[in-house]
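Protein chains: 2
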Amino acid sequence: MGDKAGAVFYQQNVPASYPVAGRIERMKSFHEDLMVKPGKKVRLSELDPNETHGWSRADADEELERLRQKMYGLQYKLHAESKRSLLIVLQATDTGGKDGTIRNVMSGLNPQGCRVASFKVPSSEELAHDFLWRVHRACPAKGEIGIFNRSHYGDVLVVRVHNIVPKAVWSKRYEQINSFEKILAENGIRILKFFLHISKEEQAERLRARIEDPERHWKVSEADFRERQFWDDYTEAHEVVLSKCSTEWAPWYVIPANRKWFRNLAVAGIVVEELESMDLQFSKSTMDISKIVIE
Amino acid sequence: MGDKAGAVFYQQNVPASYPVAGRIERMKSFHEDLMVKPGKKVRLSELDPNETHGWSRADADEELERLRQKMYGLQYKLHAESKRSLLIVLQATDTGGKDGTIRNVMSGLNPQGCRVASFKVPSSEELAHDFLWRVHRACPAKGEIGIFNRSHYGDVLVVRVHNIVPKAVWSKRYEQINSFEKILAENGIRILKFFLHISKEEQAERLRARIEDPERHWKVSEADFRERQFWDDYTEAHEVVLSKCSTEWAPWYVIPANRKWFRNLAVAGIVVEELESMDLQFSKSTMDISKIVIE
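So the protein sequences, as listed, match chains F and L.
Oh and the first sequence: position 232 is 232 in the working numbering, straight run, nothing missing.
Oh and the second sequence: position 64 is 64 in the working numbering, straight run, nothing missing.
One thing to keep in mind: the hints can contain errors.
What the hints assert, rightly or not - Derived DSS-like pairs: lysine-lysine, alpha-carbon spacing no greater than 25 Å straight-line: (1) F:K40 - F:K244; (2) F:K40 - F:K182; (3) F:K284 - L:K120; (4) L:K200 - F:K291; (5) F:K77 - L:K260; (6) L:K244 - L:K182; (7) F:K120 - L:K77.
To be verified - Sample of chain L residues at the chain F side, in silico, Cβ under 10 Å: (8) L109; (9) R115; (10) L207; (11) W218.
As the list claims (entries may be wrong) - For the chain F half of the interface with chain L, some residues (derived, Cβ under 7 Å), not all of them: (12) R103; (13) L109; (14) N110; (15) P111; (16) I211; (17) E215; (18) H217; (19) W218; (20) E222; (21) S283; (22) K284; (23) S285; (24) I292; (25) I294.
Source of the hints: derived by calculation from the structure; they are not laboratory data.
Just so it is clear, CB atoms sit at the ideal spot from N, CA and C, and this is done for glycine as well.
Isolated chain F (complex conformation) (with noise of 0.2 Å):
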């Protein structure tokens, strides 16, 4: 790395030769194909988790590589102009990919302006408070993009199949998600919400990596073979968020996920999109430039 602002250093490393406008239709394409329409009812069986959309698995790597470069300049600008932030909403089952995706996708990005925040069984505190009050102190600054992984779709989705809150709780947070993103995005926040889509098989195959690789055990938990039990149940669930909570205004982006390679390269030409879709600007000095003088 040089020591000139990240946005000018990517820019200047990214050949001028690569051919970018056949990939960039291809993204855009992604963007749209895997997008939610919001009202729209969606069944996941008729979703393919091994869809990879015609992408080898080379191309994509290289891609990904071109999006993780743009997506470091365009943070650097989204810090420049610090007036509005992005929100990354990941949801999945256990072994779906979250936080493989934190690390393959966003690890190029600055940590100063990137917040990630997990989401897990509620402190007593949190608990005394309503369900999104622990989410909306989460949520990233201006000039910030902040990732969730979990968010408050778990007081729908584990709560909900677990029956933790009665259903004349549960069922009435849809439409309360709905306008707390709605005040968000009206507030300056982008928002981006992915779910991870794996088959049941795929998280058998995962499970066993797990168990089978001892540096892997810390990852192997009680809570991911009991839920499992209830993979029908979350599938169920997960169809309701997504056919309820995918909006104009914080759309739901459904993932094929079974080839991490496929999944990584489909987010980060997603949130790529997004964020050039904002047109960043740099924000001016508060000071009259050109009557600074250096002593």
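Given the coordinates of chain F, assemble chain L onto it according to the supplied hints.
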């Protein structure tokens, strides 16, 4: 990036033929050469901000890339162990390169598990508490790398230079800081504190560069020029901090920082050495792995 766990990926991608031995010896001497020995009285005028310890820029850039990859792998193990954490404190005068160090040294890290806290003018809520209250809240959790962009040292730097609180108050803070940091260290937080040392001429150069480049005008603030008038007072305040608060449990490093590429290399080298010295271990599963059956 591949889809395997981060540590594995990077280990595979560091060329085996890389001439490591000589370099590592050099990095160890950075660690030793740049640390302020506890109890030593520091005079910044005796430390050359242009120093590069025999490194050429080309060698340094290559080594930095290697160190960034190592750091990524070590961060993964720190997270997998989840018993201890690392806190990196950055202090410098304006334009000293705090942001640039984070961007250039830490951008390869996984943002999940890396938390940057910037300490600006305290809010009214923060001022209603003792000066370490907001700092304690921002400390890294187990398994995390925390980065302080400015820190509690502001309370004996800008606060001392401008007498924001009476001397009777700030003069007690050096001891309080040492005690506070000792508590953190005894509870599993490794602490590295970097003072980025630039010359007054270099600061003028950097301010000029910002003024001349419209894409950097957003970084130009009145405070930079105002505080520059107090250069000598800040030098003295920094010397007191470095002399009184470099301890065995939380040492200060004075990083020659006029050359950004050397600054990046030195910080990366010290961070990697520190993480390596922790002998990080993958933690075990809470389950009896041999009894697991996947249905």
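Status of the hints after comparison with the structure:
Of the supplied pair hints, the one linking K40 (chain F) and K244 (chain F) holds, its CA atoms being roughly 8 Å apart against a limit of 25 Å. As the CA atoms of K40 (chain F) and K182 (chain F) are separated by approximately 19 Å, the hinted pair is consistent with the 25 Å bound. For the suggested pair K284 (chain F) and K120 (chain L), the alpha carbons sit about 20 Å apart, so the restraint of at most 25 Å is met. For the proposed pair K200 (chain L) and K291 (chain F), the alpha carbon gap of about 21 Å is at most 25 Å, so the pair holds.
Taken as a hint, the K77 (chain F) and K260 (chain L) pair is honoured in the structure, with Cα atoms around 21 Å apart against an allowance of 25 Å. Annotation: proposed proximity of K244 (chain L) to K182 (chain L) holds, straight-line Cα distance about 14 Å (limit 25 Å). For the hint pairing K120 (chain F) with K77 (chain L), the CA-to-CA distance comes to about 21 Å; that is within 25 Å, so the pair holds. Interface restraint check for L109 (chain L): the shortest CB-CB distance to chain F comes to about 6 Å, inside 10 Å, so the restraint holds.
About 8 Å separates the beta-carbon of R115 (chain L) from the nearest beta-carbon of chain F, less than 10 Å, and the hint is met. The interface hint given for L207 (chain L) holds, since its Cβ lies 5 Å from the closest Cβ of chain F, which is under the 10 Å cut-off. The interface hint given for W218 (chain L) is met, as the beta carbon of that residue sits about 4 Å from the closest beta carbon of chain F, less than 10 Å. Proximity of R103 (chain F) to chain L holds as hinted, the smallest CB-CB distance being about 5 Å (cut-off 7 Å).
A cut of 7 Å between beta carbons decides the hint on L109 (chain F): the least distance to chain L is about 6 Å, and the hint holds. A hinted interface residue such as N110 (chain F) counts as satisfied when its beta carbon comes closer than 7 Å to some beta carbon of chain L; here the least separation is about 5 Å, so the hint holds. Restraint check, P111 (chain F) versus chain L: the minimum CB separation of about 4 Å is within 7 Å; hint holds. Interface restraint check: I211 (chain F) against chain L, minimum CB-CB distance 6 Å, threshold 7 Å, status holds.
Against a cut-off of 7 Å between C-beta atoms, the interface hint on E215 (chain F) holds, since the closest Cβ of chain L lies about 5 Å away. Using the Cβ-Cβ criterion of 7 Å, the hint placing H217 (chain F) at the interface with chain L is satisfied: the shortest such distance is roughly 4 Å. The beta carbon of W218 (chain F) comes within 5 Å of a beta carbon in chain L, closer than 7 Å, and the hint placing it at the interface holds. Against a cut-off of 7 Å between C-beta atoms, the interface hint on E222 (chain F) holds, since the closest Cβ of chain L lies about 6 Å away.
Taken as an interface hint, S283 (chain F) checks out: its beta carbon lies about 4 Å from the nearest beta carbon of chain L, inside 7 Å. With its C-beta approaching chain L no nearer than about 6 Å, K284 (chain F) sits inside the 7 Å limit, and its interface hint holds. Taking 7 Å as the C-beta cut-off, the interface hint given for S285 (chain F) holds, the closest approach to chain L being about 4 Å. Checking I292 (chain F) against chain L by beta carbon gives a least distance of about 6 Å; that is within 7 Å, so the hint holds.
At its closest, the beta carbon of I294 (chain F) sits 5 Å from a beta carbon of chain L; the interface hint therefore holds under the 7 Å criterion.
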